[in-house]
Amino acid sequence: MLNARREPAAAIAGRARSIRRNSLRMVHAAGLGHPGGDLSCADILATLYFHVLRVDPGAPTHPDRDRFILSKGHASAALYATLAEAGFLAADSLDDFMKPLSALNGHPNRVKVPGVEANTGPLGHGLPIAVGAALGARLQRAPWRTFVLTGDGELQEGSNWEAAMAASQFRLEQLTVIVDRNGLQQGAGTEETVALEPLVDRWRSFGFEVVEVDGHDIGALVSVFGRLPLGPARPTCIIARTQKGRGVSFIQDRADWHHRVPTTAELNDAIMELEDPS
Amino acid sequence: MTVRHDCRTAFAETLTALAAEDPRVVAVVNDSVGSSNLKQFRAQFPERLINVGIAEQNMVGVASGLANAGLLPFVCGASCFLTGRALEQIKADLAYSERDVKLCGMSSGMAYGELGPTHHSIEDLAWTRAIAGMTVIVPADPMETAHAVRLAAAKPGPFFIRLSRLPVPAIHDAGYAFAIGRAAELRPGTDVTLIANGVLVHRALEAADLLARDGIRAAVVNMPTVRPIDREAIVTAAERGPIVTIEEHTVVGGLGSAVAEVVVETRPVRMKMLGVPGVFAPTGSAEFLLEHFGLTAEGIAAAARTLLLRD
Numbered sequence: 001m002l003n004a005r006r007e008p009a010a011a012i013a014g015r016a017r018s019i020r021r022n023s024l025r026m027v028h029a030a031g032l033g034h035p036g037g038d039l040s041c042a043d044i045l046a047t048l049y050f051h052v053l054r055v056d057p058g059a060p061t062h063p064d065r066d067r068f069i070l071s072k073g074h075a076s077a078a079l080y081a082t083l084a085e086a087g088f089l090a091a092d093s094l095d096d097f098m099k100p101l102s103a104l105n106g107h108p109n110r111v112k113v114p115g116v117e118a119n120t121g122p123l124g125h126g127l128p129i130a131v132g133a134a135l136g137a138r139l140q141r142a143p144w145r146t147f148v149l150t151g152d153g154e155l156q157e158g159s160n161w162e163a164a165m166a167a168s169q170f171r172l173e174q175l176t177v178i179v180d181r182n183g184l185q186q187g188a189g190t191e192e193t194v195a196l197e198p199l200v201d202r203w204r205s206f207g208f209e210v211v212e213v214d215g216h217d218i219g220a221l222v223s224v225f226g227r228l229p230l231g232p233a234r235p236t237c238i239i240a241r242t243q244k245g246r247g248v249s250f251i252q253d254r255a256d257w258h259h260r261v262p263t264t265a266e267l268n269d270a271i272m273e274l275e276d277p278s
Numbered sequence: 001m002t003v004r005h006d007c008r009t010a011f012a013e014t015l016t017a018l019a020a021e022d023p024r025v026v027a028v029v030n031d032s033v034g035s036s037n038l039k040q041f042r043a044q045f046p047e048r049l050i051n052v053g054i055a056e057q058n059m060v061g062v063a064s065g066l067a068n069a070g071l072l073p074f075v076c077g078a079s080c081f082l083t084g085r086a087l088e089q090i091k092a093d094l095a096y097s098e099r100d101v102k103l104c105g106m107s108s109g110m111a112y113g114e115l116g117p118t119h120h121s122i123e124d125l126a127w128t129r130a131i132a133g134m135t136v137i138v139p140a141d142p143m144e145t146a147h148a149v150r151l152a153a154a155k156p157g158p159f160f161i162r163l164s165r166l167p168v169p170a171i172h173d174a175g176y177a178f179a180i181g182r183a184a185e186l187r188p189g190t191d192v193t194l195i196a197n198g199v200l201v202h203r204a205l206e207a208a209d210l211l212a213r214d215g216i217r218a219a220v221v222n223m224p225t226v227r228p229i230d231r232e233a234i235v236t237a238a239e240r241g242p243i244v245t246i247e248e249h250t251v252v253g254g255l256g257s258a259v260a261e262v263v264v265e266t267r268p269v270r271m272k273m274l275g276v277p278g279v280f281a282p283t284g285s286a287e288f289l290l291e292h293f294g295l296t297a298e299g300i301a302a303a304a305r306t307l308l309l310r311d
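Chains as they are written, first to last, in my numbering: chain B, 1 to 278; chain X, 1 to 311.
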């Protein structure tokens with residue numbers, strides 16, 4: 001039986017700051033990436049890996065591990081930084097992000113990176129895979145749980161709603177969808193592009209137990225994850241209200257930072273804002 | 001009159017037997033229990049027949065997740081929708097992810113005849129064989145179908161097995177041993193080689209009989225594996241003369257193209273690629289359409305004669 005690392009909220013917050021710093025360093029060094037989306041999901045990733053997920057970096061394919069699927073695969077820098085923070089990757093391997101022949105591709109590859117469950121990148125793929133994993137666990141009477149983190153813009157992909165219908169039909173109580181609801185997609189707000197609201201009602205009408213949470217309040221995230229499964233016999237959707245670029249004043253809530261690369265001066269300013277309090 | 005068989009029967013019997021032997025085997029369908037002939041499977045293993053409804057993208061994603069959980073999914077659906085609708089999932093969730101999932105495309109080619117080009121699947125070989133890591137198999141008869149299903153279960157990685165509902169005679173005798181990536185010479189010959197797969201293999205054999213009456217000795221090669229292609233068998237064929245390829249598929253990117261890719265790089269010879277010539281088929285039954293495009297014994301023999309005249 002695998003155990004989750006039950007770190008306290010303050011420690012998780014420190015992990016999240018480290019994930020943010022490393023994500024920005026990686027994007028800066030690579031000259032490529034999606035820093036806005038990396039920063040918006042850093043607190044969720046830190047909470048999952050340091051409080052919720054029953055995984056073992058020493059046995060990344062352990063059959064009884066909880067499955068975590070990053071559907072928004074473009075937040076790969078945040079995922080790699082998290083996997084390094086949690087011990088799945090050597091810290092210095094982050095320097096290879098998007099370098100020629102590196103295992104750390106711009107979107108995650110499960111074959112090359114320990115701890116990655118699915119090769120995501122094209123949007124709307126993670127939830128169907130998570131539905132299959134959760135169903136597979138139930139068919140085998142296995143105790144492990146499945147978590148999938150989607151972007152909000154990617155909910156415009158119809159495959160998510162095919163999967164949502166199936167998750168509810170199959171009564172996948174051990175499936176949890178987390179929506180990184182930062183409100184921005186590549187070029188503009190989700191609501192001015194193709195609106196997702198009323199998002200809570202939509203998930204609820206597809207048969208999910210829905211809970212909203214401040215996706216940057218680690219105490220609140222810990223509390224919500226601690227209540228899982230919300231069922232009975234229903235999948236859960238956690239809508240995490242987030243800010244794209246969270247944690248850096250000049251990146252936060254700015255659509256143009258979806259895939260902008262910080263200059264060296266901007267990186268230094270950002271790192272200063274993300275230092276641990278002394 | 002030769003007895004003809006619907007290969008879906010052999011497919012379903014083999015899959016059901018496999019499920020009895022291996023608890024990892026599950027079937028995933030898009031409301032296609034009947035058309036995939038899986039009612040017996042469902043009766044025996046109700047929990048292991050997963051119907052995702054009419055949702056092919058989700059179907060392939062779910063299969064990838066089931067494989068992640070340690071199961072061995074066989075995804076069964078009409079080939080036109082399975083490959084066309086879910087192609088990105090096939091590429092990313094199965095092939096690029098190196099997932100052990102077997103896709104079984106039903107009623108491929110022009111089996112749906114009168115239903116029209118929306119329901120024809122004459123691009124599926126081009127699409128699937130272009131994807132790295134895929135194994136693509138087109139069985140010719142019930143025995144080859146059963147072999148293909150068993151071999152796919154035994155070999156890790158994503159497979160596309162292209163099945164038909166068109167009845168075919170048994171091609172192989174009981175001693176036939178199908179190996180993935182290996183073609184089988186069904187009939188020796190010295191003048192021309194007919195390379196076919198799937199429902200057209202028996203027509204190629206009949207064409208060879210017609211050619212023999214004219215003194216033309218045509219070899220017939222059954223090439224069930226389109227990827228990885230049997231390069232050796234193609235070079236052997238090219239060394240003895242011109243090649244006619246015969247497929248129930250567009251000539252753009254299918255069996256003929258796969259053969260030509262080897263021929264031009266090794267031993268260039270004249271070829272004729274019989275198939276659907278880059279058009280959408282008109283209205284007609286499957287039988288009518290095969291005849292319309294010259295995919296009959298007479299049509300194949302005529303193509304071989306023309307090729308030899310020009311040689």
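Think of the hints as simulated: they come from the structure by calculation, not from any bench.
Keep in mind the model is a prediction, meaning the values are calculated, not measured.
For every residue, glycine included, the Cβ atom is placed at its ideal position computed from N, Cα and C.
Incorrect hints may appear among the rest.
[Said to hold, decoys possible] Reference excerpt, derived from the structure (chain B facing chain X, CB under 10 Å, subset only):
#1 P114
#2 A118
#3 P128
#4 L135
#5 G136
#6 P143
#7 W144
#8 F206
#9 H216
#10 G219
#11 A255
#12 H259
[Stated by the list, open to error] Restraint ranges, calculated between C-beta atoms of paired labels, are given here:
#13 B:K112 with X:P282: 43 to 51 Å
#14 B:S205 with X:T118: 24 to 32 Å
#15 X:P228 with B:P143: 21 to 29 Å
#16 B:A188 with X:A132: 46 to 54 Å
#17 X:P268 with B:H62: 48 to 56 Å
#18 B:H259 with X:Q40: 25 to 33 Å
#19 B:N105 with X:A212: 54 to 62 Å
#20 B:D64 with X:T118: 53 to 61 Å
#21 X:E265 with B:N105: 28 to 36 Å
#22 X:G181 with B:R254: 49 to 57 Å
#23 B:R171 with X:V33: 48 to 56 Å
#24 B:K99 with X:T118: 41 to 49 Å
#25 X:P23 with B:P229: 22 to 30 Å
#26 B:R54 with X:A43: 32 to 40 Å
Has the hinted range 48 to 56 Å been met by the Cβ atoms of X:P268 and B:H62?
-> Taking Cβ atoms as reference, X:P268 and B:H62 lie about 53 Å apart, which means the hint holds.
Return the status of the interface hint for B:L135: holds when the least beta-carbon distance to chain X is below 10 Å, violated otherwise.
-> B:L135 check passes; min Cβ-Cβ to chain X is 6 Å, inside 10 Å.
Within 43 to 51 Å or not, the Cβ separation of B:K112 and X:P282?
-> 48 Å, holds
Verify the interface restraint on B:P114: the C-beta must sit less than 10 Å from at least one C-beta of chain X.
-> This hint is violated: B:P114 lies away from chain X, its Cβ roughly 14 Å from the closest one there, beyond 10 Å.
Within 24 to 32 Å or not, the Cβ separation of B:S205 and X:T118?
-> Taking Cβ atoms as reference, B:S205 and X:T118 lie about 31 Å apart, which means the hint holds.
Could one say that the CB atoms of B:H259 and X:Q40 fall in the range 25 to 33 Å?
-> 52 Å, violated
Honestly, do B:R171 and X:V33 meet the 48 to 56 Å range at C-beta?
-> Since B:R171 and X:V33 have Cβ atoms about 20 Å apart, the given range 48 to 56 Å is violated.
Could you check if B:H216 really has its C-beta closer than 10 Å to a C-beta on chain X?
-> With Cβ-Cβ at 29 Å, over 10 Å, it is violated.
Between B:D64 and X:T118, does the C-beta distance stay in 53 to 61 Å?
-> 45 Å, violated
Quick one: are X:E265 and B:N105 within 28 to 36 Å, going by C-beta?
-> 31 Å, holds
B:W144 as chain X interface residue, shortest Cβ-Cβ below 10 Å = Holds, because the Cβ-Cβ distance from B:W144 to chain X comes to roughly 9 Å (cut-off 10 Å).
Verify the interface restraint on B:P128: the C-beta must sit less than 10 Å from at least one C-beta of chain X.
-> Where the cut-off is 10 Å and the nearest Cβ of chain X is about 2 Å from B:P128, the hint holds.
Hint check: violations occur at hints 1, 6, 8, 9, 10, 11, 12, 15, 16, 18, 20, 23; the rest are consistent with the structure.
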